[in-house]
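Visitor: Listed in order, the protein sequences are those of chains L and Y. The working numbering numbers the first residue of the first sequence as 2 and each following residue consecutively. The working numbering numbers the first residue of the second sequence as 1157 and each following residue consecutively.
Simulated from the structure, these hints should not be mistaken for lab results. Watch out, some of these pointers could steer you wrong.
As the list claims (entries may be wrong) - With the C-beta cut set under 8 Å, the calculated list includes, among others, these residues of chain L facing chain Y: (1) G43; (2) F46; (3) E57.
A quick note: this is a predicted structure, and the numbers were derived from the prediction, not measured. Note that beta-carbon positions come from the ideal geometry of N, C-alpha and C, so glycine has one too.
Spelled out, the chains give:
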Amino acid sequence: DTGVSQDPRHKITKRGQNVTFRCDPISEHNRLYWYRQTLGQGPEFLTYFQNEAQLEKSRLLSDRFSAERPKGSFSTLEIQRTEQGDSAMYLCASSFMASRGSTLEQYFGPGTRLTVT
Amino acid sequence: GNSVTQMEGPVTLSEEAFLTINCTYTATGYPSLFWYVQYPGEGLQLLLKATKADDKGSNKGFEATYRKETTSFHLEKGSVQVSDSAVYFCALITFAGGTSYGKLTFGQGTILTVHP
């Protein structure tokens, strides 16, 4: 297994355009997370899935953002009508949730760096 | 809610110096604690973890002890190397039930630079 992969690694777009990012988790992992990291800050939680179900969304995830994981494998994060404030690194992570009380070690991908001009 | 506070950076050390990066937290519920490291141009990697009070996590010469009484999880290494230059993030997860289960809360990160 090669770990969590994300595509593209870099995206430059003009304000107002739509963008979509893809994340492929570690194959046996049933949980998938999206985080956003701005310069000089730690990652901030956006949303997460268990299998295909989206279980939680942060208030950071405005209605311009939508995430899907249709078959419980890869996930996409779409940003509509991008704004300059959306410029950030978008990180994907995955984990395997076995039972309540397990330590949820999350494995991160390399991220997609979005620049909105 | 949950929050993590790390010492202000950047931290600059000479090779073989002793390293401490302070981390304190507030949490609802009983947290598990983590240190992640981000090397230049790479993704976040789990460095070490601790799941209950007085546990010591260790990896690659780094150590951190879960101190519930002081709500701290300070990262230490006895002798740093140039290759340890990276950004270090303290993080936690709580198992508070409901939909708050499973997301990491990170500190702001501490940049470490080690000179030869």
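Visitor: Is the hint on L:F46 kept, meaning its closest Cβ partner in chain Y is under 8 Å away?
Guide: This hint holds: L:F46 lies near chain Y, its Cβ roughly 4 Å from the closest one there, short of 8 Å.
Visitor: Interface hint check: L:G43, Cβ to nearest Cβ on chain Y, cutoff 8 Å. Holds or violated?
Guide: Holds. Min distance 3 Å.
Visitor: Classify the hint on L:E57 as holds or violated, based on whether any CB of chain Y lies nearer than 8 Å to its CB.
Guide: Since chain Y brings a Cβ to about 5 Å from L:E57, closer than 8 Å, the hint holds.
When the structure is compared with the earlier hints, no violation turns up for any of them.
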